[in-house]
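Fit chain B with the ligands to the supplied structure of chain A, relying on the hints for placement.
Each protein sequence line maps, in turn, to chains A and B.
The UniProt record's numbering puts the first residue of the first sequence at 1, with every later residue one more than the last.
The UniProt record's numbering puts the first residue of the second sequence at 1, with every later residue one more than the last.
Bear in mind the hints are in silico, worked out from the structure with no lab data behind them.
Everything numeric in this text was worked out from a predicted model, so none of it was measured.
The reader is advised that the hints may include incorrect statements.
[Claimed, not checked] Heads up, simulated BS3-like pairs for lysine-lysine below, C-alpha to C-alpha not over 30 Å straight-line:
| # | chain 1 | residue 1 | chain 2 | residue 2 |
| --- | --- | --- | --- | --- |
| 1 | B | K177 | A | K219 |
| 2 | A | K242 | B | K394 |
| 3 | B | K2 | B | K246 |
| 4 | A | K89 | B | K394 |
| 5 | B | K293 | A | K229 |
| 6 | A | K235 | B | K230 |
| 7 | B | K475 | A | K89 |
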Amino acid sequence: MRREKVDVLIVGGGAAGLAAAISATESGAKTVLLERDRSTGGVLNQCIHNGFGLHVFKEELTGPEFMERLWEELKEDVIRSNFTVLEIKPDTREVITLSEDGIIVFEPKALVMSTGARERPLNSLRIPGSRVAGIYTAGVAQKMVNIYNRLPGKKVLIVGSGDIGLIMARRLKIEGMDVVGVVEIMPEPGGLIRNVVQCLEDFNIPLWLSHTVIEIHGKERLSEVVIAKVDENRKPIAGTEKVIKVDTLVTSVGLIPQNELIENFVEMDPINRGPVVDDYMRTSVEWIFAAGNNVAIHDLVDFVYDEGKIAGMHAARYALGEKLPEVKYEFVRGKNVGVMLPQKFTGTQPFKMYIRPTKSLEKSVLKFSDKIIRKFNWRIRPSEMIDLVVKNFEGFDSKITVEVSNLD
Amino acid sequence: MKVFVIGAGISGSLVARELSKYDCEVHVLEKAPDIGWGVTKANSAIVHGGYDDPPQSVRAKFAAKGNRLYDELSKELDFDFERVGSLVVAFKEEDINYLKELKERGKKNGVDDLEILEKSELKKVEPNISDEAIAALYCKSAGITEPWEVAIAAIENAVENGAILHLEEEVLDIQTKNQKVSKVITNKGEYEADVVINAAGLFADEIAKMAGVGDFEIFPRKGEYILLDKKLKGLVNTVVFPTPTKKSKGILVVPTVDGGILLGPNAKDLPKSMKYDLGTTPEGLQEVYEKSKRLIPKVELSYTVKTFAGLRPETKEKDFIISATKVWGFVNVAGIRSPGLTAAPSFAKYVVEDILQDQLKINLSKKKDFNPYRKRITNIRDVSLKEWEELVKKDPKYGRTVCFCNNVSEAEIVEAIRRGARTLDGVKFRTRASFGRCQGGFCSLKIVEIISRELNIPMEEVKLNSKNSWIMDGKVRA
Ligand SMILES: Cc1cc2nc3c(=O)[nH]c(=O)nc-3n(C[C@H](O)[C@H](O)[C@H](O)COP(=O)(O)OP(=O)(O)OC[C@H]3O[C@@H](n4cnc5c(N)ncnc54)[C@H](O)[C@@H]3O)c2cc1C
Ligand SMILES: Cc1cc2nc3c(=O)[nH]c(=O)nc-3n(C[C@H](O)[C@H](O)[C@H](O)COP(=O)(O)OP(=O)(O)OC[C@H]3O[C@@H](n4cnc5c(N)ncnc54)[C@H](O)[C@@H]3O)c2cc1C
Chain A
1 MRREKVDVLI VGGGAAGLAA AISATESGAK TVLLERDRST GGVLNQCIHN
51 GFGLHVFKEE LTGPEFMERL WEELKEDVIR SNFTVLEIKP DTREVITLSE
101 DGIIVFEPKA LVMSTGARER PLNSLRIPGS RVAGIYTAGV AQKMVNIYNR
151 LPGKKVLIVG SGDIGLIMAR RLKIEGMDVV GVVEIMPEPG GLIRNVVQCL
201 EDFNIPLWLS HTVIEIHGKE RLSEVVIAKV DENRKPIAGT EKVIKVDTLV
251 TSVGLIPQNE LIENFVEMDP INRGPVVDDY MRTSVEWIFA AGNNVAIHDL
301 VDFVYDEGKI AGMHAARYAL GEKLPEVKYE FVRGKNVGVM LPQKFTGTQP
351 FKMYIRPTKS LEKSVLKFSD KIIRKFNWRI RPSEMIDLVV KNFEGFDSKI
401 TVEVSNLD
Chain B
1 MKVFVIGAGI SGSLVARELS KYDCEVHVLE KAPDIGWGVT KANSAIVHGG
51 YDDPPQSVRA KFAAKGNRLY DELSKELDFD FERVGSLVVA FKEEDINYLK
101 ELKERGKKNG VDDLEILEKS ELKKVEPNIS DEAIAALYCK SAGITEPWEV
151 AIAAIENAVE NGAILHLEEE VLDIQTKNQK VSKVITNKGE YEADVVINAA
201 GLFADEIAKM AGVGDFEIFP RKGEYILLDK KLKGLVNTVV FPTPTKKSKG
251 ILVVPTVDGG ILLGPNAKDL PKSMKYDLGT TPEGLQEVYE KSKRLIPKVE
301 LSYTVKTFAG LRPETKEKDF IISATKVWGF VNVAGIRSPG LTAAPSFAKY
351 VVEDILQDQL KINLSKKKDF NPYRKRITNI RDVSLKEWEE LVKKDPKYGR
401 TVCFCNNVSE AEIVEAIRRG ARTLDGVKFR TRASFGRCQG GFCSLKIVEI
451 ISRELNIPME EVKLNSKNSW IMDGKVRA
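With the rest of the complex left out, here is chain A:
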């Protein structure tokens, strides 16, 4: 077993990890980025549609193009692919990894967790029926088409109208599949409005809101599914069942942050399903930083990129011996606040904050402990993160209640 000392070790080489590697190396830290897959990039690899990098590069790039930009920015050779992190030991600060070179134990001074998210499989939804071939998560279908050059079937129904579901509806239609429609259990689409327009409306693909799949049939390969309308409590309404003959079901029913490596010793946020972080992207364990979809699910790669840069830079500063300021303030979730980060901050620098409202509201305000911080004259919705720069913290108590309420 080899041992290797580094300043900053980055676990996960998606957009967040690559950005962290860029800023950590720029800050002068000896950095290594470990990626368990064959190549870095994470989900960017499979997203050949455009819509990446509008904020960061002021251009609409495809996922792989965005990835290449990050590679270009990365001046030093820090990437090691096909490296799986098996365990992180908080007390000895050892990171045990497996690769073609055997077992390597890293001893980093600081660590950035950027392990991204995985898709929620349909199996976990407990939909009754047979377990047959032809049911894929959107990510699997996307990889099948974009990376393996194979079609998942002939006729498909999409479950879930998140961005990924919408994008796959369009992709499969373009590649010649019969896309019957998209069912969404909520009364509103789960993805960005621009994607509803560009992926469904432009291609005449129906969207069934307040609908869900209630049964799955087939002998060996999927042959049909039963969908039904649901009431306000998301319970299927009897009599509204409809049989849809398809050989393929593509599901986009949510992403789950991956934190198995740290969740037993780092303070976790049950709503975000990721570590609690401060404005330095530092977790409750001072030498561990985090950024990207493992902290919370983000809408845009640009947000992830920004976070990665912050995490990488501060991890480097910490690793090089600088003492980072202490946390002074804490955000507490009030009404209508779902995903939210950071949850804590030091009050030493302006920082970007992200909030997902739990409900859609026509006109609303964001309040910090009853003080109006921002007004929204447009409809806010859970599918679109609110991002704002927090600059001024004078006059606040150490606990700040965050709330999104109707403007009335």
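Just chain B with the ligands, lined up with the frame of chain A:
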């Protein structure tokens, strides 16, 4: 001597392995593309104590004995087996009387490690048990295992010792001559046969009819399950049963050998025509949830990994049919309902030693060079990091992770294919790749790619688990 075993479930596999200890030609015919994909694939995976079977039943004759054989068997065949113990939980005073009855019954069946725990002792064994539980019957010798792995291991060992496995070969007819077995006819050909062992699970009644001895019928009784993530490891330490009803052992909360938690099964009788119906139902899943929550209030469905169903092969008598028939050489191992997994090591010996040798007076001589050992596919879960390092040095594929949730390397996938996996599920059941929390989201296509490469077939031809379970339709672009 040519012996044909029909069915490579737990029953057929262990019978075949027993037979492979002797000098005779053993063939195993299995219609599925892999081993253990019938009833054996979907059950509670419990090696029961053997206390609750009616003392006069065939089940009682084999269950407790089978349980005791599991230590040696798991060592020889190198599969996971843990004696975690089981609890039958009482909620009402009258349930306690039933526990006493069970304990007595256990004694008659030869199970002598039973004790009744009071509430405080019960809480110590199972801290998450419902506060309403007042007592429990504790059986230390009950265990858990991975049923299909036992079947795979037994077949691999039988084949190592000379048995011949025929996959995707379905028995269509059996011919007899002068009330003796003569031929087995399959979708692939005809074989002269001296002995036929009918271990065809749900279809054993149809096989018996082919031989002209079909005086029993098998009805499917469905049991549905919910599997929860490993994150809940420790939710229960033992197999937790409610006090049983006449119809079934009830809905249980069971730890699985790889750290997950299994809830189920319910019990629903289906018509004979529904032996292929493995679908879960809304009512069934709801029942499983509610009843398991009554036992362990902390049961949390947000950690669901998947749901599935199994079919019990039931007969009117609710008992195993393990016997010779009026057709010489035709032996039934039928109606193997619960606790078939538990009892199989014992009745497999009985079939070979008592039925074939004593009753049918077949002279079988022991092989001198029988090798009882089989090694499992090496996984990082089972070896130290040092050993893993050595493996990587020999073959870098051990250093390439394919399944991230369960840490399965490319070398293991290749080994599974070398050992006979031809499908995605074949690899999955042999290595646990794509069995984890992401259910194949990251690795299923990589596995398809590896199967395609190793078997030298196009990716479109790789199947999920059966002939028509295609995964990919074809190329997007030439
Ligand atoms: C299908 C899809 C379409 C999208 N479309 C758009 C779009 O049009 N525009 C836009 O701006 N954004 C889009 N996004 C969002 C954006 O791309 C993602 O939020 C962002 O790329 C996530 O980056 P990440 O680094 O957090 O995670 P990931 O990309 O998931 O990267 C995580 C990396 O960590 C690695 N890893 C995980 N665990 C370990 C471990 N233990 N050891 C080593 N490595 C590990 C993984 O292999 C992976 O490479 C889309 C997202 C998806 C899924
Ligand atoms: C819900 C449920 C829970 C259970 N829980 C437990 C438990 O916890 N503990 C326990 O001890 N037992 C349990 N059991 C019982 C146990 O699973 C069974 O007793 C056991 O798996 C039966 O194995 P088998 O080999 O007899 O049948 P199978 O596994 O069904 O094997 C029969 C094989 O024969 C093949 N076959 C059928 N017809 C043909 C043909 N014409 N030609 C070729 N091949 C053919 C099939 O494909 C199949 O592979 C449970 C059962 C169920 C359903």
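Violations among the numbered hints: Hints 1, 2, 3 and 7 are the ones this structure does not satisfy, whereas the remaining hints hold.
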